[in-house]
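Asker: For reference, the chains in residue letters:
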Amino acid sequence: MDTIDCDVHCAPASYDALFPYLSDYWRQYITEAGIRLTGLAHAYPRAVAAPAPSSYAELASEVLVGEAQFRFVILNCVTGFETHRNPYFAAAVASAINDWVHEEMLARDDRLRASLVVSTVSTDDAVAEIERVGEDPRFVQVLLPVRSDLPWGHKVNQPIFAAARERGLQVGLHAWGRAGKAPTPSGFTTTYLEDYVGNQPIAQAQVLSFVSEGVFERFPELRVVVSECGFAWLAPLLWRFDKDWKGVWREVPWLKRRPSEYVRDHFRFTTAPAHLPSDPVTLGQLLEMMDAAGMLMYASDHPHVHGNSLSLLLDQLSDEDRQRVMWENAAGLYELGK
Amino acid sequence: MSSQVETRPEVVADPARAVELVDCDVHAQATEAMLAAYLSPGARRMLERYGRRTPRITEWYPRARHSGMRVDAWPGKPGHIWGSDPELTREQLLDEFDVDYAVLEVLSGQDCHDHPYFAAEWNSAVNDWQLEELLSFDARFRGTIAVPHEYPELAVAEIERRAADERFVAVLMPASTAEQLGEPKYWPIYKAATACGRPVAFHTGGYVDHRGAGYPSFYLEYHVGNGIVMQSQLTSMVAGGVFEEIPGLRVVLTECGVAWAAALRWSLDAAWEPMREDHPRLQRRPSEYIDEHVWFTTQPIEEPDNPEHLVYTIEQARLSGRLLFATDYPHWDFDSPRQALPRALGPELRRAILCENALALYRLPRERVV
Chain A
188 MDTIDCDVHC APASYDALFP YLSDYWRQYI TEAGIRLTGL AHAYPRAVAA PAPSSYAELA
248 SEVLVGEAQF RFVILNCVTG FETHRNPYFA AAVASAINDW VHEEMLARDD RLRASLVVST
308 VSTDDAVAEI ERVGEDPRFV QVLLPVRSDL PWGHKVNQPI FAAARERGLQ VGLHAWGRAG
368 KAPTPSGFTT TYLEDYVGNQ PIAQAQVLSF VSEGVFERFP ELRVVVSECG FAWLAPLLWR
428 FDKDWKGVWR EVPWLKRRPS EYVRDHFRFT TAPAHLPSDP VTLGQLLEMM DAAGMLMYAS
488 DHPHVHGNSL SLLLDQLSDE DRQRVMWENA AGLYELGK
Chain B
196 MSSQVETRPE VVADPARAVE LVDCDVHAQA TEAMLAAYLS PGARRMLERY GRRTPRITEW
256 YPRARHSGMR VDAWPGKPGH IWGSDPELTR EQLLDEFDVD YAVLEVLSGQ DCHDHPYFAA
316 EWNSAVNDWQ LEELLSFDAR FRGTIAVPHE YPELAVAEIE RRAADERFVA VLMPASTAEQ
376 LGEPKYWPIY KAATACGRPV AFHTGGYVDH RGAGYPSFYL EYHVGNGIVM QSQLTSMVAG
436 GVFEEIPGLR VVLTECGVAW AAALRWSLDA AWEPMREDHP RLQRRPSEYI DEHVWFTTQP
496 IEEPDNPEHL VYTIEQARLS GRLLFATDYP HWDFDSPRQA LPRALGPELR RAILCENALA
556 LYRLPRERVV
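Taken in sequence, the protein lines are chains A and B.
Be aware that the first sequence starts at 188, since it is given in our numbering, and climbs by one per residue.
Be aware that the second sequence starts at 196, since it is given in our numbering, and climbs by one per residue.
No lab work stands behind these hints: they were computed from the structure.
Beta carbons: idealized from backbone N, C-alpha and C, even for Gly.
There could be a bad hint or two in this list.
In silico contact screen, one side only, chain A against chain B (beta carbon under 8 Å); selected entries [unchecked claim]: (1) THR378; (2) GLN387; (3) PRO460.
What follows is a set of in silico ranges between Cβ atoms, one per label pair, in the way DEER data are often shown [what the hints assert, rightly or not]: (4) A:GLU475 to B:GLU254: 40 to 48 Å; (5) A:ALA237 to B:PRO250: 40 to 48 Å; (6) B:LYS386 to A:ARG233: 30 to 38 Å; (7) B:GLU503 to A:ALA228: 44 to 52 Å; (8) B:ARG476 to A:VAL252: 41 to 49 Å; (9) A:LYS433 to B:ALA555: 55 to 63 Å; (10) A:ARG233 to B:PRO250: 35 to 43 Å; (11) A:GLU475 to B:ARG476: 34 to 42 Å; (12) B:GLU254 to A:SER248: 55 to 63 Å; (13) B:VAL266 to A:ALA349: 36 to 44 Å; (14) B:MET470 to A:GLU249: 20 to 28 Å; (15) A:PRO274 to B:ASP323: 35 to 43 Å; (16) B:SER515 to A:GLU475: 43 to 51 Å.
So here's chain B without its partners, still in its complex pose (with noise of 0.2 Å):
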């Protein structure tokens, strides 16, 4: 656990060193106010009356301390939330670990059950908030487009809106959604994210419906329970053959855990192998699709005593071109740069998943923008 902020002299930026550190899981939040200024009037007014009608998942399972946040993340300022003021972000974030750059992932949009044009209108007022306060603010920050997931056409539409700015180079998705993520009516979404040059980042969250074993307790089953919700749904992509259909999709898996790829990679192809005939979409062993398609964020990464451990499924999984580094900035778990990387992992794999991955991954320029 690495949710001290340590102190240390203020970094001068120096334009003309090669960039070391990409974090690629970092959150802004906006509050309602915030985004309701950016909605049509009837929107606002369906916001002013119902509120937003989809289950909030927080309150179900409370977290622990301070919203599940770094209380120092908290600002002070009037109207504001966490996450919500781009000069904290700045200073806890940017300038403290002088990261290079830093992709949002906005979750406010995420929820399933909004009416279809309010979800449209809200996710685009996620992406206009994040292009006027965070994308124009710091030239550092890197933005993820929000779409309303579970009306694809109208996603598409986000997408499309979006694609001429650089500046946002993922499109954003979450972990749970209605349907399992290899169905076909998400696939229109995959294509035109590949259409464009984006992966897909699928974050940890959404509306976490059904379970195979029920509802838990509590917060810690929830939150362990990300890394197996993802594993359901990467089993859904490649054996609902995805990757087949859309060659060119290119996935993160966002703060779910890496470790267990290993497992799942290994699981997939022995069930696969008697069965390869009754899946006929799927031309190739099914860990061949995860080597080729799937990234990995970092935190809230494994901790093994021993971390030799952590070499061991990291290579088992070929996941040293595939780790990228993430803090998940300003959640409680906040994984520093400084300390979250075992030294086991030897200098070179530390310097990929730090920067190498990101960079090739989001098609990021290697020199510093300041």
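Just chain A, same shape as in the assembly (with noise of 0.2 Å):
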């Protein structure tokens, strides 16, 4: 079956590789400091996760061979995601890092397609850095990291969506980011298990902000691909973000429809980690409250490991729903296969 595979991780193993694409400022900043791209060690753990390829040869042993029915790979490098608070550095380090992915990864196999990513510190770097490299076609959308200082529907984020919508690129928004900053209403964690699924109320929030602040009604051909945010929480939280919103629509005036028919037009979710029950008919039921061969895209979220859900979630479905999963709906989605 031809696949689309949403969300295979790669980074770069240091600074070193990022060298060619920063200017001597930079070099002499990140050497002079002693910066080490440590990437996400605090969310990609050594317990839970193998490096990212660092290269196009790893990538290629360990993701590409073998798999030919791979039509495309979607690339997301999140480095960037959470290295620093300086806005400069981090416009810098979101220009690199789309460099050193163009060359070193979407250049070489025509497979590969990637997320383009930006400061998520400054709007207009973000836009800028959109302007630079948005034109070219093999970066299918802008990623965002899930943890914010302000939810991205936010209206002071909504320039990067106008940016990317005029280059028909859609957005993605991947687990984690803002290290330095507590990740949940009452502060720190004290566990990994705590960190890692809590990925998924922020991304809720995520999907309440931007539907409440109206973004879908601006950017009508916006798409957003949440990955590594897990998918089972969603038809419970339309259900509840319907019923509120039908007593408190006056203060979100912009929003013709329900929130949850924005939500099943506008967002998609990857298929990892996918956290499923084990039992047929309960996930038969969990697929279809949340119309899920609709909603999914397929992502192996390499090299990261969540269990064996998606084999589970991928069963249940019928060769039609599984060829939407797999297929379809990121094909339609990043235009892709024309």
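Quick one: dock chain against chain with the hints and give me the complex.
Answerer: Have a look at this one:
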């Protein structure tokens, strides 16, 4: 079956790999300060993840070899998600990562597509980066970390979506981000387990933000792809969202339809981690409640491992629905395979 | 949405009848002046000179209309606000819907940033007021013990002060706290509540500070977000080993929705499985702790287009013995006992939710009190 893998990670092994794409000033800044590119060491600690491929050769041997059915692989480099707060440095690193992804990966294999990364601390810089590289059709979406200082739907962030849509790009929201900021409403967590599962409530808050702020009324062609934040929570969230909206709609007068209708038209979720019940009857109920065949897009999330839920999910789907999850939903959203 | 109050003939209470309806989240609210009467001169002086210093989240996220209350719940009486007049609560809730027990959650003391000794006095005043104005006014009212939760030693003292009075059926804490609910800081409160046979009811609210996604713009997001906040807090309690440390602890998650529980159970179990050896404090699957220790109040219960889907999620999360009916009187999104629970739940489950589960949890008499 033709497949689009919507979340495969790659990451430069160190700042050395980015040096060709950084100015003298930033090379010196990095060298003199002794800054190391740790990636998301707390997000993907040794206990749960192998390092992401740091070269095309590694990517090819780990992901592409023997996977002839992959028509497309979408690369997500989350390296820059939470390295620092300096907005000038953040912009320079984002540009360097995009150039590295382009030269190291995209230029070497026609099957590869990637998310374009941007500064997550300055809207102006994010827009400038989208303008700089967003015309390249191999970049299919703008990648944003699910953790943020202000929810992404907020009006101060909307120029990012305008710039993305002018170039036919969608938006990816990916787990993690914002080191140094507590991930919960009541402060920091004490275990990795809480942090890992904690991406899911944060993603829910982002869904509320995009819809409530009227982002999809302003950008009717925008789609948002949520990765690595689960999806089993979707249906109950929408039931409550619709119920509350019926009471306080006056606060968000730009919404013309029920919140759930915007979510169903504009959000998609990748399949890893799935975190599903093993009982097939229960699983069937869940898939029905959230219209899984319409809302999900396949992702391996290489090199991260999340248990066996994905195979449970795929086994449960009809051939036709599996085709939608493995191929059609993503092909339509990213306009691939024409 | 069922905020309309229907009219019907006056109900005459029958003391011989068994209890049929327990409302597990009813708000009474004292004005500052009412509580000031219970404060020591020192605390009263502090209140007069500086007021409550705690940030009021209702000001950042204004509620759509009438401060988020039912318009008919604002009494005409001078010096009163919504929830401060027990006669009106009796008329609009207890008599109107034939409520057998109404568990009061007075949120006046819930905020996090008071001076410790002021917080202790203030919460004690909340409990004194509750006792004198409500619990003594109508035997159908049941109280919850307000505590200065950020100062656990003082909170424990307040729990012990009230423990002998059976009309207080739970200890009340906010869902949003300065630290995560699983932190050992709060364990003395949980232990004291458990020692005197009370569950701890966590009610939506408090000071919601850090947020993983940042501050939302609208009350709509804030209000739907109450369920999201509780997911984080329940995760913290489970992962923090609270239920291993205090095996008798019973917690009630109030006004945060119920249907998300299934997805969180699956997620915690799936995440824990490959890391189980890294969490020696957890002897069992995370979902087993939830099954054993956690209750949920219904309001605002999720309303899927297909009511069968609500039945699915209640079964998936194994909640049939753990759901407690609540109206949330006098809030704008009041769930009517006559309308809120869909028929799809079936008579047995509806009866469990409306009454049986609460009787067992709060150890309330099965006979009607009049």
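Asker: Which hints, by number, does the structure contradict?
Answerer: 9, 15, 16
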